[in-house]
Amino acid sequence: MSHGDTIPLHSSSAQSDMDEIESLIHAAPPSAAAVLPARPPSPPRASIPVSSSPPLLPPPVAGSKPQLPPFSSSSSVASSSSPPLPSSVSVAIAGDGFGPPPNTLTEPVLDTVKRDLARIVSNLKLVVFPNPFREDPGKALRDWDLWGPFFFIVFLGLTLSWSASVKKSEVFAVAFAVLAAGAIILTLNVLLLGGRINFFQSLSLLGYCLFPLDVGALICMLKDNVLLKIIAVVVTLAWSSWAAYPFMSAAVNPRRKALALYPVFLMYVSVGFLIIAID
Amino acid sequence: MDRPQVVTENYANPVTCLFHVLFKAGALVFYILFSLFVKSFVIIFVITVFLAALDFWVVKNVSGRILVGMRWWNEIDDEGNSVWKFECLDGEALARMNKKDSWLFWWTLYLTAAAWIILGIFSLIRLEADYLLVVGVCLTLSLANIVGFTRCNKDAKKNIRGYFEGHAQNAITSRITSTLQSAFGVI
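In the order they appear, the protein sequences are chains F and U.
When we follow the numbering used here, the leftmost residue of the first sequence carries the number 1, and every step to the right adds one.
When we follow the numbering used here, the leftmost residue of the second sequence carries the number 1, and every step to the right adds one.
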């Protein structure tokens with residue numbers, strides 16, 4: 001019976017890694033069937049109760065679908081236990097008809113990759129393009145991640161270092177350090193002003209807002225015309241500022257809006273000058 | 001398990017173990033070799049940090065849940081607060097986990113962080129701030145995974161204990177998810 005359950009589950013997942021693991025598991029038992037405590041990957045997982053509340057029924061009725069994992073996390077986490085959320089907002093995963101509904105502990109690797117990529121794309125659209133959630137920092141970037149910001153910072157550093165004729169290493173290191181430290185300092189600035197935005201949410205936001213400046217840097221790298229460079233940087237600088245404005249302004253007290261927004265604008269202007277000046 | 005074993009225990013998931021180690025070793029080897037022989041900092045930075053990021057993702061999303069049955073992540077609740085979640089399988093599944101897989105998982109986590117600390121000390125001694133940037137990023141990623149899985153491990157141990165106690169009482173402990181308020185969250 002368990003062997004009958006195994007085949008459709010694997011055929012539905014169509015995962016090369018899982019197939020390799022499965023074949024290796026099947027290859028191992030003949031050599032040491034009696035003493036090998038190796039567990040086959042899917043039959044026990046299919047029967048593992050995965051609901052957060054203790055179910056009396058052996059098959060789980062509901063699986064947790066949590067948010068996508070963050071790029072990095074802070075080690076200083078205050079401990080305070082609270083009951084787990086019964087449901088969490090995440091990208092909907094189409095469940096197949098075999099076995100229990102997929103959850104993040106037993107899902108195929110491909111589903112994890114798809115979910116991560118889908119979230120990066122949705123976060124980018126949310127930040128740099130118009131959408132109804134722009135005024136609410138709590139709803140926007142709820143699925144925060146640091147993969148997009150990381151990529152944009154490295155991309156900008158690479159573009160600037162390629163544009164530079166001398167001291168490529170120093171240009172890259174300075175660009176990366178300025179952007180990374182700048183994002184952290186700006187986030188602390190908002191938090192110290194009593195902002196209602198989350199630390200990693202703010203880091204994620206500021207990183208995604210670099211996307212227009214990345215485009216500007218790319219244009220400046222390809223074109224040598226100084227006037228064209230200035231136009232490109234001004235346009236992308238305005239775009240980045242426009243993207244960051246509603247989040248940062250909504251996060252703090254209206255009377256302190258200028259205090260929160262000015263440093264963000266200052267950082268983007270600095271990046272703009274970096275893009276224009278490096279030649 | 002109580003009987004004397006003639007054949008040694010094999011890894012239950014050799015492919016996952018391979019990828020678990022591959023990106024860690026790749027990042028360290030690239031950093032060390034390229035620092036010695038190639039003087040282009042940009043190439044060293046991009047390749048090393050890319051491999052470190054890949055390793056972070058693989059450990060967090062794939063090898064963590066396959067080798068030791070644990071996973072951790074962060075999400076924002078309806079009030080806008082940051083909630084850290086640590087998830088592990090139930091006691092029965094955890095008790096069935098391969099000990100060698102678990103051993104490899106934890107040791108490689110700690111050894112990688114130790115290696116980056118040592119390399120960071122070397123960069124500090126030679127006053128190379130740019131290479132310290134590389135080590136800082138890689139070390140941050142390593143420590144994040146160590147902290148996350150250490151917190152998962154606390155729940156896992158409780159689950160295993162509950163499983164053995166419940167097994168005597170003919171019951172199964174369910175999966176436990178603990179949540180922590182972030183220090184940066186708004187209370």
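Treat the hints loosely; a few may be bogus.
Examples of chain F residues lying across from chain U (beta carbon under 7 Å, computed) [unchecked claim]:
id : residue
1  : A164
2  : S165
3  : V166
4  : K167
5  : S169
6  : F172
To be clear, the hints were calculated from the coordinates, so they are not data collected in a lab.
None of the values given here were measured: they were computed from a predicted structure.
No residue lacks a Cβ here, since even glycine has one placed at the ideal position from N, Cα and C.
Verification of the hints:
| no. | hint | result |
| --- | --- | --- |
| 1 | A164 | violated, 10 Å |
| 2 | S165 | violated, 14 Å |
| 3 | V166 | violated, 13 Å |
| 4 | K167 | violated, 10 Å |
| 5 | S169 | holds, 4 Å |
| 6 | F172 | holds, 5 Å |
Checked against the numbered hints given earlier, this structure breaks hints 1, 2, 3 and 4; the rest are met.
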